[in-house]
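Asker: What follows is the residue order along each chain.
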Amino acid sequence: GEDVEQSLFLSVREGDSSVINCTYTDSSSTYLYWYKQEPGAGLQLLTYIFSNMDMKQDQRLTVLLNKKDKHLSLRIADTQTGDSAIYFCAETPRNRDDKIIFGKGTRLHILP
Amino acid sequence: GAGVSQSPSNKVTEKGKDVELRCDPISGHTALYWYRQSLGQGLEFLIYFQGNSAPDKSGLPSDRFSAERTGGSVSTLTIQRTQQEDSAVYLCAKSGGALSGELFFGEGSRLTVL
Numbered sequence: 001g002e003d004v005e006q007s008l009f010l011s012v013r014e015g016d017s018s019v020i021n022c023t024y025t026d027s028s029s030t031y032l033y034w035y036k037q038e039p040g041a042g043l044q045l046l047t048y049i050f051s052n053m054d055m056k057q058d059q060r061l062t063v064l065l066n067k068k069d070k071h072l073s074l075r076i077a078d079t080q081t082g083d084s085a086i087y088f089c090a091e092t093p094r095n096r097d098d099k100i101i102f103g104k105g106t107r108l109h110i111l112p
Numbered sequence: 001g002a003g004v005s006q007s008p009s010n011k012v013t014e015k016g017k018d019v020e021l022r023c024d025p026i027s028g029h030t031a032l033y034w035y036r037q038s039l040g041q042g043l044e045f046l047i048y049f050q051g052n053s054a055p056d057k058s059g060l061p062s063d064r065f066s067a068e069r070t071g072g073s074v075s076t077l078t079i080q081r082t083q084q085e086d087s088a089v090y091l092c093a094k095s096g097g098a099l100s101g102e103l104f105f106g107e108g109s110r111l112t113v114l
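Protein sequence lines correspond, in order, to chains A and B.
According to the working numbering, the stretch in the first sequence is residues 1 to 112, in order.
According to the working numbering, the stretch in the second sequence is residues 1 to 114, in order.
Heads up, a few of these hints could be off.
Simulated DEER-style distance windows between Cβ atoms [stated by the list, open to error]:
id, chain 1, residue 1, chain 2, residue 2, range
1, B, GLN84, A, THR81, 40 to 46 Å
2, A, PHE50, B, ASN10, 38 to 44 Å
3, B, GLY51, A, SER28, 48 to 54 Å
4, B, ASP63, A, THR81, 28 to 34 Å
5, A, PHE50, B, SER58, 46 to 52 Å
6, A, SER28, B, GLY59, 20 to 26 Å
7, A, GLU5, B, PRO61, 17 to 23 Å
8, B, GLY71, A, SER28, 39 to 45 Å
9, A, LYS56, B, GLU68, 36 to 42 Å
If you're looking for bench data, these hints aren't it; they were derived computationally from the structure.
In this text, a Cβ means the ideal position worked out from N, Cα and C, and glycines have one as well.
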């Protein structure tokens with residue numbers, strides 16, 4: 001069945017790197033996404049990766065995809081207090097009419 | 001945000017009452033989703049509308065929950081005989097981005113059941 005798993009909480013010291021992990025089950029997914037939710041707001045698309053890529057870098061963000069293990073990760077370098085949010089992993093199936101599957105979200109807490 | 005309006009933003013109700021939550025996707029979209037978010041459970045899928053197809057209701061937690069989308073646009077989520085465990089933020093999202101998985105979310109309706 002379709003499922004996206006991620007841990008619910010992560011604490012990181014300011015200035016360190018944060019790594020948020022996700023596993024998924026649908027090997028036919030064409031895209032995988034990371035969404036960010038700041039306090040009191042809805043989710044917003046943060047970054048994405050095509051399923052035929054292994055890595056994508058965007059400033060402080062690095063997305064790694066291991067298709068064999070169906071494992072996706074988001075690395076945030078030099079974590080800042082403004083990175084404190086909930087991060088959601090999501091996958092889209094090959095059929096555009098099928099619904100997008102989200103993980104439950106990982107709450108990133110920044111320690112001083 | 002980004003063309004999705006939800007109302008009310010906050011709703012406090014008494015246990016046993018019915019509530020209606022509204023989502024207006026405002027501009028072009030093909031798919032509309034409802035999610036529930038709570039601290040202990042994270043984000044939970046509730047229902048999915050896609051075009052003229054029958055909605056995917058597989059995430060509705062009980063028969064007290066129902067949703068409809070009128071004219072392929074505005075959607076209403078109804079919770080009958082509310083229980084305290086229904087307290088959560090209810091989020092609505094629409095499709096419409098360049099990518100198939102890009103959704104635009106509203107800011108949510110926070111429901112508190114006393």
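Asker: Holds or violated: 36 to 42 Å for the Cβ distance of LYS56(A) and GLU68(B)?
Answerer: Since LYS56(A) and GLU68(B) have Cβ atoms about 39 Å apart, the given range 36 to 42 Å holds.
Asker: Verify the CB-CB distance for PHE50(A) and ASN10(B) against the hinted window 38 to 44 Å.
Answerer: This hint holds: roughly 39 Å between Cβ atoms.
Asker: For GLY71(B) and SER28(A), compare the CB-CB distance with the range 39 to 45 Å and indicate the outcome.
Answerer: Violated: the Cβ-Cβ distance is about 33 Å, outside 39 to 45 Å.
Asker: Assuming the hint says 28 to 34 Å, is it satisfied by the Cβ distance from ASP63(B) to THR81(A) or not?
Answerer: violated (44 Å)
Asker: Does the hinted range 40 to 46 Å hold for GLN84(B) and THR81(A) at CB?
Answerer: violated (34 Å)
Asker: Check the following: the C-beta atoms of GLU5(A) and PRO61(B) are separated by a distance inside 17 to 23 Å.
Answerer: Distance hint for GLU5(A), PRO61(B) holds at roughly 20 Å.
Asker: Do the beta carbons of SER28(A) and GLY59(B) sit within 20 to 26 Å of each other?
Answerer: holds (21 Å)
Asker: Regarding PHE50(A) and SER58(B), is the given constraint of 46 to 52 Å on their beta-carbon distance met?
Answerer: violated (28 Å)
Asker: For the hint 48 to 54 Å, verify it against the beta carbon of GLY51(B) and that of SER28(A).
Answerer: Distance hint for GLY51(B), SER28(A) is violated at roughly 21 Å.
Checked against the numbered hints given earlier, the structure breaks hints 1, 3, 4, 5 and 8 and satisfies all the rest.
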